[in-house]
Amino acid sequence: MNSQEISIPVPWGHIAAKTWGHPLATRVLCLHGKQDNCGTFDRLIPLLRQGFYFVCIDIPGHGHSSHFPPGFRITLECFVLAIKRVVDHLAWTTFNCIGHSMGGMISSLFASLYPEHIEKLIMIDCAGPISIEPQDTVKFLRESCNNLLKIESKTMSRSPPSYTYEQAINLVLTKRPSKLTRQSADVLIQRTLQKHSNDSYSLSTDQRMKIDYNQMFSPMQHMFIIHSIKCPVLYLLAVENLYHNLPQIKSVKKMYKSNPNVQIVKVNGNHDVHLNHPERIADLINNFLLSKLTKTYGDDTRPAVLCVHGIQDNCDTFVTLLPLLPNDYYYVCVDLPGHGRSARFPSHVPLEFVNYLGSIKWVVDHFSWSELVYLGHSFGGQLGSWFAAVYPDLVRCLVVLDTMGPRPVKLADTLAAVRSRVEDAQSLYRRQCGRQPPVYTFDEAVGKMMAGRPSRLTDESARILARRGLVVVDDEADDKSYTFACDQRLKLAFNPLMTFDQHEQILSNIACPTVFVLADENRARYSTYLKDAYEFYTKRPNVTVKVVSGDHDVHLNHPDRVFKHVCDFLRQHCTI
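Residue 1 is where the sequence shown starts when you use full-length UniProt numbering, and the numbers rise one by one after that.
FYI, nobody ran anything at the bench for these hints, they're computed from the structure.
Here are the computed lysine-lysine pairs in the DSS-like style, where the Cα-Cα straight-line distance is at most 25 Å: (1) 254 - 230; (2) 195 - 210; (3) 179 - 34; (4) 410 - 491; (5) 480 - 448; (6) 210 - 150; (7) 179 - 210.
Remember, predicted model here, so these are calculated numbers, not experimental data.
Start from the sequences, fold in the hints, and give me the full structure.
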């Protein structure tokens, strides 16, 4: 990726920025640390995945950006307001944010003030802001005022020091609290130096940045602000940063740790690990930014429950049920490939059941789970049955909502089924080739979803699924239009081409306690094409079958009818 320079007008001048990627891609705003500049991300961003639009700004008073007007102390509030001006200028409604050090403090305060804007927040070795005890307020404020006056007196009475390039580099290498490599120093200093006619340089950073920029929040105020952050947060801590051992910094870390949305990960390196050794954190950031396929509820230190939806649904199918389930678990809901916000499998080839099974294993490996509870609806439950059979050591308990599939194939029908799948895939490809997907208003899409679904969704349930299952065609239009996010290949059959005897060989390996919660309006299939599966499961000593009133989507339409059976099962078989 190549970077481009942009300039954003503000009342006191401009804010300079470097951008990477395409403006229509997923947006990421990057904020550097104190007395740094946006060049601090130059070595990290090339290691991050394509498909993002990174805007790295020089915070006012840094790099190529204008200084704030003279005469006042700069605080975090000033920076947050500047960021809001940037966001408004770019006309961004939502975006992700990466902040290093002071940039992490700014972004966390912004996320608490404007939670509707931030989708995800990544804080790189952010050790503050430090709370101010009430009894220290007067002392802190007096020192801040006096320090500002001293800085102003110095800057008005003399010209800024000048350096050769090597002297400036040496200054950065020797005076910085954390150590930079020579390569990192060269990268960082490019936007800080102002060149003069005699080949000498001065530093462009606003001298007021030498003064404390804290907002004077008390510990209680600071705690409230941190708990106002509602988005997922990845908090990367550099283990070689000794400041993390200070009592006041430990206190801040505890505050962040108490927010269930915050995930703290330690990384090897010093405060500038993102610049010195970007390869150490790039994968962590990539995985976090790309984890839109998951939605989590609860404390990640609790036992995991993996929740997997049905075909052409998305992870919001569980949004009405999960609040009724025990809060003793960490619920992770995924969008399967080709659903919701997850990427699709490669095009031009048919979908395969086993590939979806593999995607479940990728999720489990990503979280490094040694054991989990599996909760699946419809196709997600079919995947869960196979996953529990193939990886019996990983699945502690299995909860399946309204399915006993996958559907078997009769031996005599195998050849015809293979031929049909090949021809159906070719036919779908020809129909889709060169054709734009249909566009709908939100209400039209909801209506189409309700009309085309075999089971009956309530209007509220359809809108829940639509919010995650639709893609906005034009973000800037007054009347937004949408297309469906689902992979069109999901309309084709891709259950395993296996007889029930073959299925039985696999499913017999399910060792964990299992409960099937079946909808009474959908039971006819258990006396027809799923009859063998029903008879097999009901004879298994580790299987319980419960029947509730409703149709295939009863867990979403009427979760009150389902939750008791799930809760009782978890308490009986999956006690912590």
